[in-house]
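Trainee: Sequence:
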Amino acid sequence: MSLVPIPKQRYWRIACCIVALLLLLASSLKSLGNNRVFFVELEILLGGDSVVHFSAAFIVSTLVMMAVSDKLYRLKLVKLPLVFVMLCVVFAVDEGLQLFSAHRQFSWGDLGFNYAGLICAGALVWRLRRPHVWQVAGEENVH
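Here the working numbering is used: position 8 in the sequence shown is 13, and no number is missing along the way.
If you are wondering where the hints come from, they were derived from the structure by calculation, not from laboratory data. Just so we're clear, the structure is a prediction, and the values are computed from it rather than from any experiment. Mixed in with the good hints there might be a few duds.
[Said to hold, decoys possible] Once the Cα atoms are required to be at most 25 angstroms apart in a straight line, the calculated DMTMM-like pairs of lysine to aspartate or glutamate come out as: (1) 35 <-> 54; (2) 76 <-> 54; (3) 35 <-> 99; (4) 35 <-> 48; (5) 81 <-> 99; (6) 35 <-> 46.
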């Protein structure tokens, strides 16, 4: 059992995935040049490009990793959860597609901030999904 109760209802998991997909859609719309002025002003308001990359990656990663089932979360690839590796690929593809966009440009720095957000989210979710780390020796879990 998790320290932080993760609701088992399917709609909660679907809602997390929808929010994550909306953030990824916003990135795609910016790449296509749709509402470019809005996205540039939003970046400035939120603290700059690096802050937006880190924050969006952290939010998307946290939502996706919390939304997947325990069984799926436990699947490993290179000693990392498969969902973590898949998010690495998604962020790399999203940044890589900017090479082909007239409205955006590829940046190793942006990819680094994406991965920093992913790593922080991964550490947070790992701690939240491991209740025994928080329990005192001999203490019963009363949940």
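Trainee: With reference to the structure, classify each hint as holding or not holding.
Mentor: To see whether the hints hold, each was checked on the structure:
no.: 1; hint: 35 <-> 54; result: 13 angstroms, holds
no.: 2; hint: 76 <-> 54; result: 35 angstroms, violated
no.: 3; hint: 35 <-> 99; result: 11 angstroms, holds
no.: 4; hint: 35 <-> 48; result: 11 angstroms, holds
no.: 5; hint: 81 <-> 99; result: 23 angstroms, holds
no.: 6; hint: 35 <-> 46; result: 12 angstroms, holds
In summary, the one numbered hint that this structure violates is 2.
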